[in-house]
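**Q** Line by line, the protein sequences give chains A and B. Residue numbering for the first sequence follows this note's numbering, beginning at 35 and increasing consecutively. Residue numbering for the second sequence follows this note's numbering, beginning at 35 and increasing consecutively.
Treat the hints loosely; a few may be bogus.
Note that identical chains are pooled: a pair holds if it fits in a single copy or bridges any two copies.
Claimed, not checked - Restricting the straight-line Cα-Cα distance to at most 16 Å, the calculated cross-link-like pairs of lysine to aspartate or glutamate (EDC-like) are: (1) Lys334 to Asp302; (2) Lys343 to Asp259; (3) Lys351 to Glu273; (4) Lys137 to Glu106; (5) Lys343 to Asp262; (6) Lys129 to Glu378.
Since the hints were made in silico from the structure, they are not lab data.
Number of protein chains: 2
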Amino acid sequence: MRIDAKEEKTFLKKVLAAYHFSDEDGEFLADTLVDADLRGISSHGIQRITWYTNMIKEGTIDPTNKPEILRETPTSLLVDANKNMGQIASGFTMKRLIEKTKKLGVSIAVIRNSNHFGTAGYYARMAVKEGLIGIATTNTRPLVLPTNSLEAFLGSNAFAFTFPAEPHPFVFDGATSVVSSGKIQVLAKKGENIPGEWAVGADRKVDQDAQRVEDNLSTIAFSDDRPDGGVLTLGGNLENNSNYKGFGNSLVVEMLTGILAQGSISADTNKGKHDFSQFFMTIDPSLFGDLDTLKANVSKMFDRIRNLKHLPGTEIKIPGDREYKRYAENQKQGVLIDDKTAAELAKIGDEVGVKVPEAL
Amino acid sequence: MRIDAKEEKTFLKKVLAAYHFSDEDGEFLADTLVDADLRGISSHGIQRITWYTNMIKEGTIDPTNKPEILRETPTSLLVDANKNMGQIASGFTMKRLIEKTKKLGVSIAVIRNSNHFGTAGYYARMAVKEGLIGIATTNTRPLVLPTNSLEAFLGSNAFAFTFPAEPHPFVFDGATSVVSSGKIQVLAKKGENIPGEWAVGADRKVDQDAQRVEDNLSTIAFSDDRPDGGVLTLGGNLENNSNYKGFGNSLVVEMLTGILAQGSISADTNKGKHDFSQFFMTIDPSLFGDLDTLKANVSKMFDRIRNLKHLPGTEIKIPGDREYKRYAENQKQGVLIDDKTAAELAKIGDEVGVKVPEAL
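Build out the structure end to end from the sequences listed, making use of the hints.
**A** So, in structure tokens, the structure goes:
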């Protein structure tokens, strides 16, 4: 079914209030989820709410806690998320980074003791709305195998980068691994096969059975004694296809998050603590030139790329193109809610006495 | 043959002095080339000297020019390389960035009107020697195809990242594309085939004939009316293997270099100007915690990864492991010079009256 995005947000705010989030925190958290649904990134939208409310019931998340600044300089912040949702500490942090960068041109922050933060792109877009370059990364549960390894160790480690452009900003946002585990979950739900070199079994041979891979991943990500196999780094299964570069990219995120924040590295987040770490950076491009000129130059480059000769039946899309198109469409037609999620929302609505939005 | 690294450096300094580099610039430029040879990155070592001297003869490079600071803030630098070698402006810039970061914790710089700068890793290692995180990137001539494109547009866009660690720093250094064109050149010289999904012909079908690919690339990189085909982004030929993520990484470098510096983007560097742009960043990790603790934590993570269960007959190497091993070996046994390069060095030595180091 499709529901109206405004009604989706109202519903979420009421549910979050019932779970003791403050009005301000609930408003922000709801906005990150609705925004993901509007952009067609359903894996990071309202379908996460059941997971979140379960973590609150278990005590993994405390929705009344506030983020705390542990160390601060004119160009940096170290923040403790205090076991609240990653969104709360990330929004708190990004707002302050933007102010710092408006003064000194560049600033960086790390967050420890955090949690799932939704899409990395949301925070990078907060920066680009202010004419800044935004960078956001997070570590995750361990799902990804280093080059030649039989065991998962690295997170899927989302990375987002934004740059001001017209008609919409450049928004690159996704797992540093070949795919996120969410993409495999979606195929498993649909009963479809994996169409590429995404994951391997215990023998490090490519496995394209989405359900089998998903079953293995859910054990890997949540058990102490994890089975072998997992998701591949960008570059696929073979060293000859430079999968060690994808491994390097994933390691860079591990260092910028768990290591710098002195939280857990991805490999240790499945041991009951569930403490993710995040890294953010904002850069003012006008340190180097007139913002309008830079925007015009980059937009011209993107147009030239979109118009390169290409394989028949395909398009060349710049990162962000698809998201902004869907955003405009879904504001009109409503956001898509799958049947399983619709049933989950009905259950949560009953629990807290909030009416689920009607199908459009 | 193998030659002694110290003698290699003396030879290079004398040649560069004959080509009117100042003593200080010649010393630095020689050091970057010898350092690459010591680390086994021969593609970026002394074998480049013929290309460099040819560019000086053609007037593409002016070895007497000095880098010029166009804009400066406490956290940033915009530098004009003034058509001298990229190494000169890059060393100049990185020294100043390190000072800025020691004061304010983070700083960034871009260089325009630059040239080939050797290995990106050299500059990132300048930062890590001072206990800082170092980042260095450059654009290049156009060699790489966006997802679905039949035409090359992007550079191979080297990216380096360093992080303090024991027994040696983490050094991730390489093209953002699946391979650099240098790696294909080496195979073509040896008459070997390409072992992976690295490059495509005009039909965007994978071509593993290294000589044919190399012939095509040298036309693509240096002509206005370039033929189709080229090097693939990380992720290979298929959108189903997420090659759009490699495309995104390459685009990020285009924005940080040619766009921010207001120089040429890679696609336009083959039109007689030959002006590359570079981007540098340094971050002080002790903004967030005690440096020794961070080093111990990251080194422990690397050791755990090296010791993961792995495919029989393979090793799990952390980026930098191979380089530092070769560096120690080559300081003892000398650096390897292939026959073609040895002949070129003899020719250059004759021209300027400098004796080529003898084979060990």
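**Q** Please go over all the hints and tell whether each is borne out by the structure.
**A** Hint by hint, here is what the structure shows:
1. Lys334 to Asp302: Classified as between; 13 Å across copies, 44 Å inside a copy.
2. Lys343 to Asp259: between (50 Å within a copy, 14 Å between copies)
3. Lys351 to Glu273: Only across copies: Lys351 and Glu273 sit 11 Å apart there, 28 Å inside one copy, limit 16 Å.
4. Lys137 to Glu106: both (15 Å within a copy, 14 Å between copies)
5. Lys343 to Asp262: between (43 Å within a copy, 9 Å between copies)
6. Lys129 to Glu378: neither (33 Å within a copy, 57 Å between copies)
Taken one by one, the earlier hints fail for this structure only at number 6.
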